[in-house]
Amino acid sequence: MSPSPEPLLTVRDLEVTFSPRKRLFRERIALKAVDGVSFDLSEGETLGLVGESGCGKSTTARGLMRLVEPTGGSVRLEGRELLGLPAKELRTARRDIQMVFQDPYSSLDPSMLVRDSIGEPLDVHVKLGRTERVERVAELLRRVGLPPEYMTRYPHEFSGGQRQRLTIARAIAADPKILVLDEAVSALDVSTQNQVIGLLEELSAQIGLTYLFIAHDLSVVRHISDRVAVMYLGQIVEHGDAARVFDAPAHPYTEALLSAVPVPSPRTQRARERIVLSGDPPDPSRVPPGCRFHTRCAYAMDVCRTEVPLLTPAQGSGEVACHLHTAGPRLAGASVRTLATRSEVPA
Amino acid sequence: MTATTGSAAVRAGTVTDTTLEVDNLVVDVLTETGWATVVDGVSFSVRRGETLGIVGESGSGKSVTCLSIAGLMPPRQTRVRADTLRLLDHDLTRLTPKQMSDVRGPTISMIFQEPMSSLNPAFTVGDQIAEVLRRHEGASRRESKRRAVELLDRVGVPSPARRAAQYPFEFSGGMRQRVMIAIALACNPDVIVADEPTTALDVTVQAQILELLREVQHEHGMSVIFITHDLGVVADVCDRVLVMYAGQIVEGAGLDELFENPRHPYMEGLLAAMPRMDNPSEALASIPGHPPRIGAMPDGCRFHPRCRYAADACVGGGTPPLEVAAPHHTTRCLRHSELTLRGNP
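Taken in sequence, the protein lines are chains L and D. First residue of the first sequence: 1, per UniProt numbering; consecutive thereafter. First residue of the second sequence: 1, per UniProt numbering; consecutive thereafter.
The following block holds chain L by itself, in its conformation from the complex (with noise of 0.2 Å):
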């Protein structure tokens, strides 16, 4: 990504610390959810968030919005620090960010009439009168590819895409700069889904809107992204241009986490290599010293155990925290990880 002058939105070293009580009358351990995240999102870009459940990746969202309250770092809107800000100035600066959460049957009211709901966000932030909510809200039905008369429903009336759609609508109600998408589409069936992502898509052509999309699904993100931060245990270990990623990955995490996602074609299915790591994600609250990968990863060499790995540049795009780029063995100048990268070829 070339940089722009400046980007839409700046996040750094964000920290986001939870202090559960591991027993009663115990004392309080501290878990890093998020430790030291950095992105830019530039105007009109798709970043997609991607990672195993429990790595952070929501609660970086939920910290950029402040729906968790972050422990450090900085999140700026068009050069205004969001953390800090008195609540009242927070609401307005809410305005241009807004998110769509996975599960539409709960994200809507079931008492309010779509209108309501729509309408709500234009309450808050634009204050319209009578005949122009209505007006605005049958625009806003309309450009998520649904008939006005829809508005004097009931959510109950509507199936999972379609309350999807009204989530959407009203997300981008107060027209917002960014969308938050958590887990947006993972809840519908694959051609629902389609039509949802193919409307995400629409509406930042038309738009403008900026995305920060996360999702667990990696076919879905290579489709929709144009860059993409792979999360492990509440850091960000590689990033990039979403092709460089998913083609020659340079992390052996986001290499695994690529291989164990099965492609829809038999006979490229039984050729891929497969690396199926072993076990699960350590526990957050006891992080392993060191590289945080080291204890599932095949590459792991003994720098990896003592040292914590920094995000260096990675060949081609976006940076890598790995210390096989950095002290790993070398090959014609280059770290041997980034040549033993093949892409996948399909039969």
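Hints should not be assumed to be uniformly reliable.
[As the list claims (entries may be wrong)] Label-pair restraints from in silico Cβ distances:
{"no.": "1", "chain 1": "D", "residue 1": "ARG134", "chain 2": "L", "residue 2": "THR295", "range": "36 to 44 Å"}
{"no.": "2", "chain 1": "L", "residue 1": "GLU273", "chain 2": "D", "residue 2": "LEU339", "range": "45 to 53 Å"}
{"no.": "3", "chain 1": "L", "residue 1": "LEU310", "chain 2": "D", "residue 2": "GLN166", "range": "37 to 45 Å"}
Keep in mind that the hints were calculated from the coordinates and are not lab data. Every residue, glycine too, gets a C-beta built ideally from N, C-alpha and C.
Take the given structure of chain L and dock chain D to it, following the hints.
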């Protein structure tokens, strides 16, 4: 597993190659507006040692089909009929619920999507595995405990003796699914029905669980019916596949044949709709519209309102018959011989 004489192994020599035979299964469920047919004339058989995939969108009747066969649908709200429902030498249509319950453990067991709600939070994991062994094999308390630990070890739960004494909440999603597989394996059944067993799991854990299922199947030679909506998972584990739509089987074929030469427009649509990591430039197609609602099935071919190839003949009359389109390949499409559909090579 030397402690038991595997029932599967014993029967293997005496019974035919088919473990499960279903002919014309019809399932009605009670809805607010009366009885509605949700599975309509499903017929298939499963061979020993094979993995049969059943795919379809939610509401297509794939889970109800399997739950009905296993006698696990709520009796008052369900009517199950079939011309044949044969599991090994048991005629399931003639069994009382009590008899069915005796047959189930040693012959057919199920693995569900949500391992947390399938395990009882109030009992230790070891107790829940042991219970199955006591109930179906009359094993003693000590014997069943010992074998529970053995089973946990078999499904790759580390330090099985310690873990057997723990409760389900102390297990991660993947580990819970391993426990479910241990329970399903306990009586060494001939058929395992796995209903979206990896849908709630991360891909890395999904890969582990699929690998485990493959291993235990290889070891015990059981049949697996694998219900899923993920065609990637199908391509990874299945030998043969049935495609369900609106309560009916619309296509059935061997794995490669189905993916390479789909003969029903619905399957073509599903394949085109799968986002592919290895081919991202391809535009994501989607099947227009929605599956029909229960009790409001369209006349003629049930898929015709969403089908891009629908002709006049598809619109009226009864549903088209399931026809043989190629050797071991059936389709419920009237136009199958004129259409050239696109697959995923």
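(request) May I ask which of the numbered hints given earlier this structure violates, with the numbers listed in increasing order? (result) 2
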